[in-house]
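Participant: Knowing the structure of chain L, use the given hints to seat chains E and R on it.
Chain order of the listed sequences is L, E and R.
Quick note, in our numbering, the first sequence goes up one by one and the last residue is 140.
Quick note, in our numbering, the second sequence goes up one by one and the last residue is 280.
Quick note, in our numbering, the third sequence goes up one by one and the last residue is 420.
The set of hints was computed from the structure by calculation and includes no laboratory data.
Where is the CB? At the ideal position from N, CA and C, for every residue including glycine.
Each statement offered as a hint is correct.
Incomplete in silico selection of chain R near chain E, CB under 7 Å:
1) 283
2) 324
3) 359
4) 360
5) 361
6) 364
7) 373
8) 377
9) 384
10) 414
11) 418
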Amino acid sequence: MKHYRKALYFNTKTRRAFINITDAVEEAIVESKIQEGLVLINAMHITASVFINDHEHGLHADFEEFLERMAPEKPHDQYKHNTGTLEDNGDAHIKREILGREVVVAISDGQLDFGPWEQIFYGEFDGMRKKRVLIKIIGM
Amino acid sequence: MKHYRKALYFNTKTRRAFINITDAVEEAIVESKIQEGLVLINAMHITASVFINDHEHGLHADFEEFLERMAPEKPHDQYKHNTGTLEDNGDAHIKREILGREVVVAISDGQLDFGPWEQIFYGEFDGMRKKRVLIKIIGM
Amino acid sequence: MKHYRKALYFNTKTRRAFINITDAVEEAIVESKIQEGLVLINAMHITASVFINDHEHGLHADFEEFLERMAPEKPHDQYKHNTGTLEDNGDAHIKREILGREVVVAISDGQLDFGPWEQIFYGEFDGMRKKRVLIKIIGM
Numbered sequence: 001m002k003h004y005r006k007a008l009y010f011n012t013k014t015r016r017a018f019i020n021i022t023d024a025v026e027e028a029i030v031e032s033k034i035q036e037g038l039v040l041i042n043a044m045h046i047t048a049s050v051f052i053n054d055h056e057h058g059l060h061a062d063f064e065e066f067l068e069r070m071a072p073e074k075p076h077d078q079y080k081h082n083t084g085t086l087e088d089n090g091d092a093h094i095k096r097e098i099l100g101r102e103v104v105v106a107i108s109d110g111q112l113d114f115g116p117w118e119q120i121f122y123g124e125f126d127g128m129r130k131k132r133v134l135i136k137i138i139g140m
Numbered sequence: 141m142k143h144y145r146k147a148l149y150f151n152t153k154t155r156r157a158f159i160n161i162t163d164a165v166e167e168a169i170v171e172s173k174i175q176e177g178l179v180l181i182n183a184m185h186i187t188a189s190v191f192i193n194d195h196e197h198g199l200h201a202d203f204e205e206f207l208e209r210m211a212p213e214k215p216h217d218q219y220k221h222n223t224g225t226l227e228d229n230g231d232a233h234i235k236r237e238i239l240g241r242e243v244v245v246a247i248s249d250g251q252l253d254f255g256p257w258e259q260i261f262y263g264e265f266d267g268m269r270k271k272r273v274l275i276k277i278i279g280m
Numbered sequence: 281m282k283h284y285r286k287a288l289y290f291n292t293k294t295r296r297a298f299i300n301i302t303d304a305v306e307e308a309i310v311e312s313k314i315q316e317g318l319v320l321i322n323a324m325h326i327t328a329s330v331f332i333n334d335h336e337h338g339l340h341a342d343f344e345e346f347l348e349r350m351a352p353e354k355p356h357d358q359y360k361h362n363t364g365t366l367e368d369n370g371d372a373h374i375k376r377e378i379l380g381r382e383v384v385v386a387i388s389d390g391q392l393d394f395g396p397w398e399q400i401f402y403g404e405f406d407g408m409r410k411k412r413v414l415i416k417i418i419g420m
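Isolated chain L (complex conformation) (with noise of 0.2 Å):
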């Protein structure tokens, strides 16, 4: 068994944003040298999400538009996560929970076991900090 660990870095412009990081997930599979196994990415921070859609910009304004009427961001003070702590991103832990931490994706003959339109994105949903984004690939 092999393994290997890779961690991305983000530090959106926005608050809110999603990014593709296919690219990235495939080169930590090209690096590990690992042919048939199992990658699991995932948000190493609680107010962001790993997820895995379409590529297509109108369908990531459709998500938003989703997030923003599930867990509207403001007024702050309708979440007791503000009211306790000062915090002004109770918002961005429920968008966290609805799209997920992780995907786990298949790796066959070293590369991403993917149907046609699969990418993998880091969704952010309180940003204009740094941020991690966690590779752990398992495998042979």
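Facilitator: Showing chains E and R alone in chain L's frame:
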């Protein structure tokens, strides 16, 4: 370490459907000859889910009602995914994010290590065409 | 390749509860003697979740409020799961789907490979009875 890969194919008669795939996953585990490990089961399309819950039709009707409340299919032009690409499946991309792309299940003693009611389902949100689910198993 | 399995048991005093299980998972990793690998932690019941977020009580109150808004417990007969089976936990099945069944976490250098605030929680949505969480570790 051993590994095994198998794809399942679906072409549902309705736009949305829930299909129990537990037996197909168990069959793949037997074929893999893996006794201890992890099995990843994921939709290979971005308008479908794999999830674990109860095999009960009333509950599936509740899931359908809940997902339609969260992201209604119509009108199609409420989604920018539609406006930009003339796609009509903006709702399906969001529904899949709520239920999730994948599950990872433990294999112990050559079997799915499941609680009493756990069953694996394929959730189709934009069907009536050929789609795939990937089963990837690693272990020993 | 090594593997390790452990179950955790819960019997919450309230219908809904969030319980921090990070220490129990770390203990299992030590017992496993696995230095590099993946740990799967999943609810074995279909009305409960395992998820990763912040250990902050205001935030947990926000999660409770959010999940009740998405899928209210009462009236029970709004759910077909109830009508068909006389179950009263239709809401709990939906809440579990929103927060998710499982997490997969990297193990590096014999420890949970975590960001600064990541903590693992058991989310109970239909408690006051004995339920289980499975920990399955594979690696080397």
